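*Asks:* Chains R and D, in that order, are what the protein sequence lines are. So in the numbering used here, the last spot in the first sequence is 159, and the numbers never skip. So in the numbering used here, the last spot in the second sequence is 253, and the numbers never skip.
Heads up, some of the hints might be wrong.
The calculated label-pair distances, taken between Cβ atoms and stated as ranges, are [unchecked claim]:
(1) Gln70(R) with Glu209(D): 52 to 58 Å
(2) Asn13(R) with Asn180(D): 45 to 51 Å
(3) Gln70(R) with Lys249(D): 36 to 42 Å
(4) Gly83(R) with Asn180(D): 44 to 50 Å
(5) Tyr82(R) with Ile238(D): 16 to 22 Å
With the C-beta cut set under 8 Å, the calculated list includes, among others, these residues of chain D facing chain R [to be verified]:
(6) Gly164
(7) Asn166
(8) Pro240
(9) Tyr245
(10) Glu247
The hints are simulated quantities; they were obtained by calculation from the structure and are not laboratory data. As the structure is a computational prediction, the values presented were derived from the model and not from experiment. The beta carbon of each residue, even a glycine, is placed where N, CA and C say it ideally should be.
Residue-level listing of the chains:
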Amino acid sequence: MAKLKDIMVYVINKYPNKYELSNARLTKIVYLADWKHAITYGTQISSINWYFDNYGPFVWDIKDTARTHQELFFTEDITNMYGSPKTIINLKNCEYVPAISEREMKSLDHVIEATKDLNWTQFIRLIYSTYPIIISEKYVYLDLIEKAKEYLKYSSGRT
Amino acid sequence: MDLLGYNSRCMEDGISEDNINEIGMKSRLYYGYSISDTQGKKSIAVIIVEATNPHRYTKEALTSIFKKERYLSEITERISPWIPSYEEAKEKGF
């Protein structure tokens, strides 16, 4: 398991479209990486207790971490094209080397590659298409490890 | 409702007892209506109607209702970019 600040630094460093990395998008990228890691290795990368909120998996951990570690990150509060506020998370210290294992890198790289070219609608559709979200009601905590076991059992039974 | 009868009927279809117990709405009537794309070439969605009363609707009545809806294909095509797809997530490794 990696520290959230390290996961964030790794993603921001490697993500090609950095201006897209809002708190919402970065949060959901970490969710996808946790899900990918859960179905591949049976554990999450982060220690986030994921919650299914109004608009999919959401927690404040990413924004809180960015504001706690001001030596690494800085945030910009801007308005999106629809007039809604959004927070962009940027890297302040590009020299910092995040402590991420090979396996964790593999899951994170998979997510970055799979999502870098998706617009917001396509990105959100992918999030909503993941098993924990499809199968769960809103306003519950998502046990990704248990859901991964169910998913693998379910997938292996489908032809 | 005859729960034992319901369970035994579900088990005929291969549903496990654990899964039956998790079903909140014990439906006894199911109806499916396939929606094609506007070209009429492929099915893009299915509407499922369920009722706990097996006599609540007839197949003919529901078919007649859906056939009268002129814009189902157009509306479904319009919203399809937002419809989640389990298969698509699986193809992308999620």
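*Asks:* Hey, does the proline 240(D) contact hint survive, CB to chain R under 8 Å?
*Replies:* Hint holds; proline 240(D) Cβ to chain R Cβ min 6 Å, cut 8 Å.
*Asks:* So does tyrosine 82(R) sit 16 to 22 Å from isoleucine 238(D), Cβ to Cβ?
*Replies:* Since tyrosine 82(R) and isoleucine 238(D) have Cβ atoms about 18 Å apart, the given range 16 to 22 Å holds.
*Asks:* Restraint: asparagine 166(D) near chain R, CB-CB cut 8 Å. Satisfied or not?
*Replies:* 21 Å, violated
*Asks:* Just to be sure I understand the hint, the distance between the Cβ atoms of glutamine 70(R) and lysine 249(D) should be within 36 to 42 Å; is that true here?
*Replies:* For lysine 249(D) against glutamine 70(R), whose Cβ atoms are near 40 Å apart, the range 36 to 42 Å holds.
*Asks:* If you take the shortest Cβ to Cβ gap from glycine 164(D) to chain R, is it below 8 Å?
*Replies:* Violated, about 27 Å.
*Asks:* Taking the CB of glycine 83(R) and the CB of asparagine 180(D), does the distance hold inside 44 to 50 Å?
*Replies:* Cβ of glycine 83(R) to Cβ of asparagine 180(D): about 47 Å, so the range 44 to 50 Å holds.
*Asks:* Does the hinted range 45 to 51 Å hold for asparagine 13(R) and asparagine 180(D) at CB?
*Replies:* For asparagine 180(D) against asparagine 13(R), whose Cβ atoms are near 48 Å apart, the range 45 to 51 Å holds.
*Asks:* Can glutamate 247(D) be said to touch chain R, with a Cβ gap under 8 Å?
*Replies:* The hint holds - glutamate 247(D) has a Cβ within 8 Å of chain R, the shortest such distance being about 6 Å.
*Asks:* At the C-beta level, are glutamine 70(R) and glutamate 209(D) separated by a distance inside 52 to 58 Å?
*Replies:* 53 Å, holds
*Asks:* Hey, does the tyrosine 245(D) contact hint survive, CB to chain R under 8 Å?
*Replies:* 6 Å, holds
In summary, the structure is inconsistent with hints 6 and 7 from the numbered list given earlier, while agreeing with the others.
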